[in-house]
Amino acid sequence: MISFFKNLYKTIAKNDPAIHSKWEVILYPFFKVYICYKIGHFFYQHHFYFFARLFSEFGKRRTGIEIHPGATIGKNFFIDHGVGVVIGETTIIGDNVTLYHGVTLGGTGKEKGKRHPTIENNVMIGTGATILGNICIGKNVKVGASAIVLKDVPSNTTVVGIYH
Amino acid sequence: MISFFKNLYKTIAKNDPAIHSKWEVILYPFFKVYICYKIGHFFYQHHFYFFARLFSEFGKRRTGIEIHPGATIGKNFFIDHGVGVVIGETTIIGDNVTLYHGVTLGGTGKEKGKRHPTIENNVMIGTGATILGNICIGKNVKVGASAIVLKDVPSNTTVVGIYH
Amino acid sequence: MISFFKNLYKTIAKNDPAIHSKWEVILYPFFKVYICYKIGHFFYQHHFYFFARLFSEFGKRRTGIEIHPGATIGKNFFIDHGVGVVIGETTIIGDNVTLYHGVTLGGTGKEKGKRHPTIENNVMIGTGATILGNICIGKNVKVGASAIVLKDVPSNTTVVGIYH
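Chains as they are written, first to last, in the working numbering: chain A, 24 to 187; chain B, 24 to 187; chain C, 24 to 187.
Because the hints were derived from the structure by calculation, they are not lab data.
Careful, some of the hints might be misleading.
Said to hold, decoys possible - Here are some, though not all, of the chain B residues that point toward chain A, as calculated from beta-carbon distances under 10 Å:
id : residue
1  : Leu50
2  : Phe81
3  : Val106
4  : His124
5  : Gly125
6  : Glu143
7  : Gly161
8  : Lys162
9  : Val183
10 : Tyr186
Quick reminder that beta carbons are idealized off the backbone N, C-alpha and C, glycines included.
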């Protein structure tokens, strides 16, 4: 439990140059929403979908960040600012991924089952980027601000504008 | 009254593939904001503008969705996720319209009176799309994610990128 | 103190054509967040960073507008609607500046020290625009909806699309 909070603190302190003191971390929206996600994800895995969504919504109301409790998220995940972020039910996120505010990891409405993106390790997704459908964003990819991504992105590349 | 909630439930259940149980509906942001809009709209029509805005703001604080109480909205309207949606005072929305989060139905700041869009039946507007001015979006139109629309769109078309 | 509220009222009433009555002003998200910013900014200047961020977060939870308490803001500043606005720590904003919802005045992650934009007088920044890095937006500039600005903009110009 303590190591969970320690890791969360380290991730936030590493990612945000605007942090001035240790206790500020508990004011970060990501801190709140990630705890809510963890509880919601636990309920989701045990098929208590109402409670899963209850915690998800609780976190969203306080932060503007909507992480579906069914999403799978790796280590050292971080969302900066965060208002407007939406992460869909079947999204899979690897380790060391950073999102900024306004990012959508969503579906196209045409697929069933796994219908949200897979994000591999060390990916950075800029402000307002929209990634739709069951596609794969490779390792070390950088997605530029407001980019729209509708097909697989190979590893070690940078994507801007509309990529489809 | 009961039929109002029944219709609202049906609309949400039809639109969201991630719903798992009936009672989840009451946790949906659209469920909350639509009830607030309905009350605010009633006050607006009777010229109690302060209370109209009070309910509009109340709904917005809980959901991140800002529907001006003066807007006119048809049947089976649905907003998915919803953070960042702004719907202006003189907007007119037809039946079976679906919006995603981050959509703006706003004004250009140059017009007076009717200065927001008219959306006809069966329109789908993707994440982050911006539709500005007193323009008309025709029937069965699909507006792509992050599109910017500044002039009339004919029926049965799909719009992406900047359309002006 | 009274003149502070009078000025705030005048700024809001001047900028929003949808306002119907005087007291509506206290319901405006900008009204709330600007008061929180002023208190947070006071704490920030006296190096109480925890309390500075506390008020900043308090305002953000109620409005979806994130103004870092370290930002410097001039007279007659106004944010319309506001959900999704992020203003970074070292941003400098001149007089008579208007932002719409979804605007980011952020950093690129590559700079240290002054890493956010400088906005000069009489600038108007449209919905969803993203302005990144230690760049200068000149006097009387208009930035279009969803524009991405990554380099200095000369005075008296209008910017749309990607500007880099």
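Hint numbers the structure violates, sorted upward?
Failing hints, ascending: 2, 6, 7, 8 and 10.
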